[in-house]
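Undergrad: So the chains spell out like this:
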Amino acid sequence: MLSAKNITYKIGDKTLLDDVSIDFEAGKLNIIIGPNGAGKSTLVKVICNQLKPQTGSVKYGEKDLQSLSIAELARIRAVLSQNIEVAFPLKVAEVVMMGRYPHFSGRPGTKDEKACEEAMHFFDVWHMADRNYMTLSGGEKQRVHFARVISQIWQPVENSCRYLVLDEPLTFLDVHYQFDFMHKVMELLKSKDMVVIGVVHDLNLAAKFADKILLLHTGKLLAAGTKSEVLSKENIKTAYHLEPVIVEQKEKNSLYLFFD
Amino acid sequence: MVQPNKQYKGTTAVLLLLFVVATLFSLRYGAVSISLDEIISSLKKWVTASNDMSLNEQIFLDIRFPRALLCLVVGGALAVGGVLMQALFRNPIVEPGLVGTSSGAAFGAALYFVLSASFDFSAGEWVLPVVACAGALLATALVFTLSKSRQTGKSSISALLLTGIAINALFSSGVGFCTFTARDSQARSITYWTLGTLSGANWHSFMIIGITTVSCIAIAMRYGKHLNALMIGEDDAQFLGVNVKRLKLVILSINVIMVAVATAFVGVIGFIGLIVPHLLRILNGSDNRYLIRNGALLGAILLSLADLASRIVVRPGELPIGIVTSFIGVPVFIILLRKKKYYF
Chain A
1 MLSAKNITYK IGDKTLLDDV SIDFEAGKLN IIIGPNGAGK STLVKVICNQ LKPQTGSVKY
61 GEKDLQSLSI AELARIRAVL SQNIEVAFPL KVAEVVMMGR YPHFSGRPGT KDEKACEEAM
121 HFFDVWHMAD RNYMTLSGGE KQRVHFARVI SQIWQPVENS CRYLVLDEPL TFLDVHYQFD
181 FMHKVMELLK SKDMVVIGVV HDLNLAAKFA DKILLLHTGK LLAAGTKSEV LSKENIKTAY
241 HLEPVIVEQK EKNSLYLFFD
Chain B
261 MVQPNKQYKG TTAVLLLLFV VATLFSLRYG AVSISLDEII SSLKKWVTAS NDMSLNEQIF
321 LDIRFPRALL CLVVGGALAV GGVLMQALFR NPIVEPGLVG TSSGAAFGAA LYFVLSASFD
381 FSAGEWVLPV VACAGALLAT ALVFTLSKSR QTGKSSISAL LLTGIAINAL FSSGVGFCTF
441 TARDSQARSI TYWTLGTLSG ANWHSFMIIG ITTVSCIAIA MRYGKHLNAL MIGEDDAQFL
501 GVNVKRLKLV ILSINVIMVA VATAFVGVIG FIGLIVPHLL RILNGSDNRY LIRNGALLGA
561 ILLSLADLAS RIVVRPGELP IGIVTSFIGV PVFIILLRKK KYYF
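As you go down the protein sequences, you meet chains A and B in turn.
In this text, residue positions in the first sequence follow my numbering: the first is 1, and each later residue adds one.
In this text, residue positions in the second sequence follow my numbering: the first is 261, and each later residue adds one.
No wet-lab data here; the hints were simulated from the structure.
Everything hinted at is true.
Facing chain B, a subset of chain A residues (Cβ under 8 Å, in silico):
| # | residue |
| --- | --- |
| 1 | CYS48 |
| 2 | GLN50 |
| 3 | ILE70 |
| 4 | ALA71 |
| 5 | SER81 |
| 6 | ILE84 |
| 7 | GLU85 |
| 8 | PHE88 |
| 9 | GLU94 |
| 10 | TYR101 |
| 11 | PRO102 |
List time: in silico DMTMM-like cross-link candidates among lysine to aspartate or glutamate, alpha-carbon distance up to 25 Å:
| # | chain 1 | residue 1 | chain 2 | residue 2 |
| --- | --- | --- | --- | --- |
| 12 | B | LYS505 | A | ASP167 |
| 13 | B | LYS408 | A | ASP13 |
| 14 | B | LYS269 | A | GLU113 |
| 15 | A | LYS10 | B | ASP495 |
| 16 | B | LYS508 | A | GLU72 |
| 17 | A | LYS91 | B | ASP495 |
| 18 | A | LYS52 | A | ASP64 |
| 19 | B | LYS599 | A | ASP130 |
| 20 | A | LYS59 | A | ASP23 |
| 21 | A | LYS52 | A | ASP18 |
| 22 | A | LYS252 | A | ASP211 |
| 23 | A | LYS59 | B | GLU494 |
| 24 | A | LYS52 | B | ASP495 |
Everything numeric in this text was worked out from a predicted model, so none of it was measured.
Here a beta-carbon is modelled for each residue, glycine too, at the ideal position from N, C-alpha and C.
Please take these sequences and the hints and turn them into a complete structure.
TA: And the structure:
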């Protein structure tokens, strides 16, 4: 489990996160939603130790985030950021191998090569292993980074959960690959030591796949829970200033939002 | 599994061979040609500390040999400096002197030429390199201090880049001013020095540059993987377990020390640090672990050949080596860029 407690983060007199407390459980898909400027990326950065909050603490399992070194953290937690640019031409296989960097010094071992290979098969990029990353399409590049990030935490870790943080992972993908990716994340979650936190803009994707939805608004946690608890008319109206039409089919456990 | 390593190893083998060939050529040819027999006999006499040497053997041991070795280490230093700085700045147009190092050294040297003539003090062998090195370190320190953000106290990469360009312009205008106020002969010395020359090579300069370069490259080799991670950005490198703050400090220090020391003795030699990383990336891709190793070899080879050309073309005179590196390097570089698909 990953828990953030009483997080407040300010820049000058602007409060970006206001006393936010959230628990992210293992084996469940936790999705953070919220309008632009709600504090989603800031929260992700605090969780990943890129920003230090003025108050509050983040715990990875029993361990305080501040007690973990950069290298220790990288062996249990992988992060997919937005808009990754690779500065120089590299082969796809070399980009994916970066995910194993926290696990070896010098040369990669067979364990590292196996993890890369399996992660590349998992995200369907194995056939482009030898290609120049620079020549790929936006969607292909995104899948390469999925493989890289997953290879980082492909094998279970002793005495710790594995943590996966996805900051708007679906941006460059078509509908097919959006669903494909979400199904693969669900597959990863079958390992009960996996804690997955994702930031997603598409409310219907959140409704379809999330076990727990967290709605941020103006730096505060507006609602947290299941889709029918969080995706209510009032919450959506408060956060997005739009009135949704909500279609809920209880027997199929599905919920859809439309905006008119 | 895909094996990215094999082709790099092949390149290393070819480069090692060329390294030996280039060294042999630069030992043999110059103002006078020295035969292989003379080389071997002088080396024998050197080992046995015999004083009974011919003129050619004397030339070989006191001038040619240290100069050939100096070429190798200076070339290696500049090329590895280029690899490190391009990787650190995530930018393909960066040169090792970017953070003020080479323009600072040039200014120090220019000041030395002007003042030593005006005040007519008889300067020892060490004054010029010490002044040039001091200039290099001063300019670099200035870049680091000025690029620090007032709020966070940290230097971002783009702030370093821009401040570096500004300080380079400042010190270059300082060199210009010295040249303008200098007498003709001093102005000529300044121009000659700012285009680079290895004619002052001796065993002292080789030992100092050699020890600095070899130890700096040895440290740099440990950070190839970290520099690779930096290719996907500073934040993401941190997510891969890299202490980015420490990496920047180590890599910048290595580069500044290596380039400042080399430049202090041989002047400003352009282009090697810029093109060697690109030539190798075109051949084998961008893995920094191999770029550092192969870059050291290729830089050494290219500078040896350039120095050889500078000694032969206007024999018995000498061209400044910077002219040769640019004159030959630019067309080769452009042909390669156009020939192979080199995506960014």
